[in-house]
Amino acid sequence: MNGLIEFFQYLGKNWADLLALTFEHIVMVVIGMGIALVIGILLGIISSKNERLASIILAVANLIQVFPSLALLTVLMLFFGLGSSTVVIALVLYSLLPIIRNTYVGLKEVDASTTQAGTGLGMNTWQVLFKVQLPLSVPFLLAGVRIAMVISIGVAALAPFIGGGGLGTTIYSGINLRDPMQIYSGALVAAALAILADYLLGKAQKKFDKSKA
Amino acid sequence: MITLKNVYKQYDDGFEALKNINLTCEDGEITVLIGPSGCGKTTTLRLLNRLINPTKGKVLIDDKDISEINPVTLRRSIGYVIQHIGLFPHMTIASNIGVVPRLLKWDKQSITKRVDELLDLVGLEPETYRSRYPSELSGGQQQRIGVARALAAEPSIILMDEPFSALDPISREQLQDELVRLQKEIKKSIVFVTHDMDEALKIADKIILMKDGEIVQQGKPEELLRRPANDFVKNFIGQKRLEKVEEIPVAKEVMIRKPVTTYPRRGLAEAMNAMEKKQVDTLVVIDEEHQLKGYVSIYDVLREYQDENKRVDDIYQPFEHTIGPETLLSDAVVIFNESKTGYLPVITDDNKLIGLITRGTIVGYLGDVYPSVGNGGV
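Note that the protein sequences, when read in sequence, are chains D and Z. For the first sequence, position 165 matches number 165 in the UniProt record's numbering, and the numbering has no gaps at all. For the second sequence, position 226 matches number 226 in the UniProt record's numbering, and the numbering has no gaps at all.
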């Protein structure tokens with residue numbers, strides 16, 4: 001009971017700092033996600049058009065995914081130096097697999113007759129892709145984004161190890177100062193952030209499934 | 001008008017899908033391509049909007065070689081309805097119907113107007129259906145939208161690839177009926193692929209029957225039914241349908257065209273001689289103008305034979321019944337059955353004799369048309 005009161009007292013004192021760190025955290029994740037979306041959707045489209053390339057692309061993305069996050073961050077640091085931008089690169093790499101795979105599956109799942117109708121009615125390849133195939137794979141893509149988002153929020157908490165910011169900063173300094181309140185606050189806010197993102201994207205996904213199924 | 005000239009299609013694996021296809025589809029008619037699966041009917045259809053290009057030969061639309069037209073432009077000018085309907089599930093009914101007009105960059109107002117027009121045309125209330133999604137409609141309603149979508153940009157040609165085969169039998173019948181009704185209004189050139197002979201017979205102006213990449217027979221439905229080119233056509237059409245058509249022939253198809261006749265002024269010996277020569281027991285009596293008078297039987301002749309002065313004129317009897325050339329054979333059978341007569345003369349409206357039906361002719365005719373089925377017949 002005492003701990004909880006203490007914790008809220010800590011939050012009351014430091015909310016401005018925490019808010020700033022949360023914002024930093026979100027910015028890293030959002031930028032990483034944005035870049036990953038562009039690259040991932042592109043690679044997903046290429047995969048859906050060419051099975052040989054698909055197996056290569058997915059294998060590489062898989063390989064990145066199984067790399068331990070701390071190790072990946074450190075390796076990237078060797079190449080790109082310290083700082084938040086290196087963290088963003090790591091986030092992009094971690095988000096790629098779920099986005100590529102879900103784009104690929106989503107495009108493959110589009111009913112052949114629907115695509116055929118598009119072509120038969122006089123859409124060119126791009127129009128079929130942008131007016132029919134991609135819109136129809138949005139629910140799959142959202143599922144991928146949801147997974148990638150949760151992973152990214154977690155990985156971003158490791159940012160301070162390579163000189164980045166975000167909520168990991170409080171956790172890191174909490175460990176150094178042996179201040180459990182700092183550790184809790186960083187960890188809980190990061191966790192809350194992940195849960196919130198998962199919930200919101202889940203809702204968005206459901207909405208798409210319902211209206212467009 | 002659509003014309004295919006010496007069209008061949010060979011796939012990369014060497015499979016010959018089409019061999020020397022020559023056909024024409026007339027403007028404003030429904031041409032049905034029919035055949036067992038793998039016969040090349042769908043391949044032929046897809047040649048027309050360049051979803052497939054021929055290996056050899058030419059496809060002409062209104063005398064223009066379509067290999068010189070950009071496929072995308074071509075497809076926008078041709079309506080297309082497919083078997084699996086293929087509505088876009090993420091678009092409303094209105095957007096689905098308006099797809100081609102939007103591709104053609106019509107202005108918004110004319111698209112909206114056209115969509116409502118088409119919904120009315122296919123029998124769906126625009127107010128109710130405009131903003132629904134395809135998944136909220138039944139299969140039959142969905143394919144109505146499919147048809148409306150094909151008609152949207154006023155194409156003069158519409159291709160339909162087994163459009164009703166995925167529907168339940170009731171919706172299928174309804175949509176066939178509506179297509180026939182619709183066609184009366186819109187007068188498009190429709191090329192329709194099916195494997196269902198009943199469907200083809202119901203809607204077709206012309207049927208093209210295919211097998212193994214070749215055309216086996218083409219013509220009006222009536223022609224295929226009456227004169228199937230070979231056993232394959234007969235089998236494909238089905239014995240039942242063929243019998244249905246030939247069930248009730250008319251008198252002129254069955255009658256003896258040159259019955260043995262005599263004139264009233266002939267003597268009895270002459271009549272007797274004629275009967276002997278032609279192996280008949282009755283002569284039809286006509287005058288010089290070919291007007292029917294009656295008949296003399298061998299019994300009448302024998303009874304009066306002693307009297308050398310008697311002529312046919314004195315002993316012939318009038319027929320109790322006569323029929324016209326278009327009288328149904330079934331009606332003739334009824335007359336044979338109810339009266340005791342053995343002969344029915346076939347006459348024109350002005351009493352001119354053109355033929356004769358006897359009980360024997362009917363039996364002979366039926367024997368030709370229905371060769372003994374199995375053992376021992378019926």
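To be clear, the hints were calculated from the coordinates, so they are not data collected in a lab. Fair warning: there could be bad hints in the mix.
[As the list claims (entries may be wrong)] Here are the simulated DSSO-like pairs of lysine-lysine, each with C-alpha atoms no more than 27 Å apart in a straight line:
| hint | chain 1 | residue 1 | chain 2 | residue 2 |
| --- | --- | --- | --- | --- |
| 1 | Z | 252 | Z | 352 |
| 2 | Z | 113 | D | 131 |
| 3 | Z | 352 | D | 131 |
| 4 | Z | 105 | D | 131 |
| 5 | Z | 211 | Z | 58 |
| 6 | Z | 58 | Z | 188 |
| 7 | Z | 187 | Z | 58 |
| 8 | Z | 252 | Z | 19 |
| 9 | Z | 105 | Z | 187 |
[To be verified] Non-contacting residues of chain D with respect to chain Z, defined by C-beta distances greater than 10 Å in every case (computed):
| hint | residue |
| --- | --- |
| 10 | 2 |
| 11 | 12 |
| 12 | 14 |
| 13 | 23 |
| 14 | 52 |
| 15 | 82 |
| 16 | 113 |
| 17 | 131 |
| 18 | 132 |
| 19 | 135 |
| 20 | 136 |
| 21 | 143 |
| 22 | 165 |
| 23 | 183 |
| 24 | 187 |
| 25 | 205 |
[What the hints assert, rightly or not] Per the computed footprint, the stretches of chain Z lying under chain D, defined by three or more beta-carbons under 8 Å from a beta-carbon of chain D, are:
| hint | region |
| --- | --- |
| 26 | 336 to 344 |
| 27 | 349 to 355 |
Every value quoted in this text rests on a predicted model; they were computed, and no experiment measured them. Ideal Cβ placement from N, Cα and C applies to all residues, glycine included.
So, going through the hints one by one against the coordinates:
For the hint pairing residue 252 of chain Z with residue 352 of chain Z, the CA-to-CA distance comes to about 14 Å; that is within 27 Å, so the pair holds. Note on residue 113 of chain Z and residue 131 of chain D: the hinted pairing holds, with a Cα-Cα distance of about 22 Å set against a maximum of 27 Å. With a CA separation close to 74 Å, the supplied pair residue 352 of chain Z and residue 131 of chain D exceeds the 27 Å bound. At roughly 15 Å between alpha-carbon atoms, residue 105 of chain Z and residue 131 of chain D fall within 27 Å of each other, so this suggested pair holds.
Of the pairs offered as hints, the one joining residue 211 of chain Z and residue 58 of chain Z holds, with about 20 Å between alpha carbons and a cut-off of 27 Å not exceeded. Between residue 58 of chain Z and residue 188 of chain Z the alpha-carbon distance is near 22 Å, which keeps this suggested pair within the 27 Å criterion. Distance check on the hinted pair: residue 187 of chain Z and residue 58 of chain Z sit about 26 Å apart at the alpha-carbon level, within 27 Å; holds. Taking the CA atoms of residue 252 of chain Z and residue 19 of chain Z, the gap is about 42 Å. The hint is violated against a cut of 27 Å.
Simply put, residue 105 of chain Z and residue 187 of chain Z have alpha-carbon atoms about 25 Å apart, close enough for the 27 Å limit, and the pair holds. Residue 2 of chain D, annotated as away from the interface, keeps every beta carbon of chain Z farther than 10 Å; the closest lies near 55 Å. Even its closest Cβ contact with chain Z, about 48 Å, leaves residue 12 of chain D beyond 10 Å, as expected for a residue assigned away from the interface. Every C-beta of chain Z lies more than 10 Å from that of residue 14 of chain D, the closest at about 47 Å, which supports listing it as non-interface.
In this structure residue 23 of chain D is separated from chain Z by more than 10 Å, as the shortest Cβ-Cβ distance comes to about 35 Å. A cut-off of 10 Å between C-beta atoms confirms that residue 52 of chain D is not in contact with chain Z; the least separation is 18 Å. For residue 82 of chain D, the shortest C-beta to C-beta distance to chain Z comes to about 45 Å, beyond the 10 Å cut-off, and the non-interface label holds. Its beta-carbon lying about 4 Å from the closest one in chain Z, residue 113 of chain D breaks the requirement of being farther than 10 Å from that chain.
For residue 131 of chain D, the condition that its CB be more than 10 Å from all CB atoms of chain Z is violated, with the nearest at approximately 8 Å. For residue 132 of chain D, the requirement that its beta carbon stay farther than 10 Å from each beta carbon of chain Z is not met, with the minimum near 6 Å. The beta carbon of residue 135 of chain D is not kept farther than 10 Å from every beta carbon of chain Z, the shortest such distance being approximately 5 Å. For residue 136 of chain D, the requirement that its beta carbon stay farther than 10 Å from each beta carbon of chain Z is not met, with the minimum near 6 Å.
Remark: the non-interface label on residue 143 of chain D is consistent with the geometry, its nearest Cβ contact in chain Z lying 16 Å away (cut-off 10 Å). A cut-off of 10 Å between C-beta atoms confirms that residue 165 of chain D is not in contact with chain Z; the least separation is 40 Å. For residue 183 of chain D, the non-interface assignment is confirmed: its Cβ lies about 46 Å from the closest Cβ of chain Z, beyond the 10 Å cut-off. Non-interface call for residue 187 of chain D relative to chain Z: holds, since the shortest CB-CB distance, roughly 40 Å, exceeds 10 Å.
No beta-carbon of chain Z comes within 10 Å of the beta-carbon of residue 205 of chain D; the shortest separation is about 14 Å. With 0 residues carrying a beta carbon less than 8 Å from a beta carbon of chain D, the region 336 to 344 of chain Z misses the three-residue requirement, and the given coverage is violated. A stretch counts as covered by a chain when three or more of its residues have a beta carbon under 8 Å from one of that chain; for the region 349 to 355 of chain Z and chain D the count is 0, and the coverage is violated.
Hints 3, 8, 16, 17, 18, 19, 20, 26, 27 from the earlier list are contradicted by this structure; the remaining hints agree with it.
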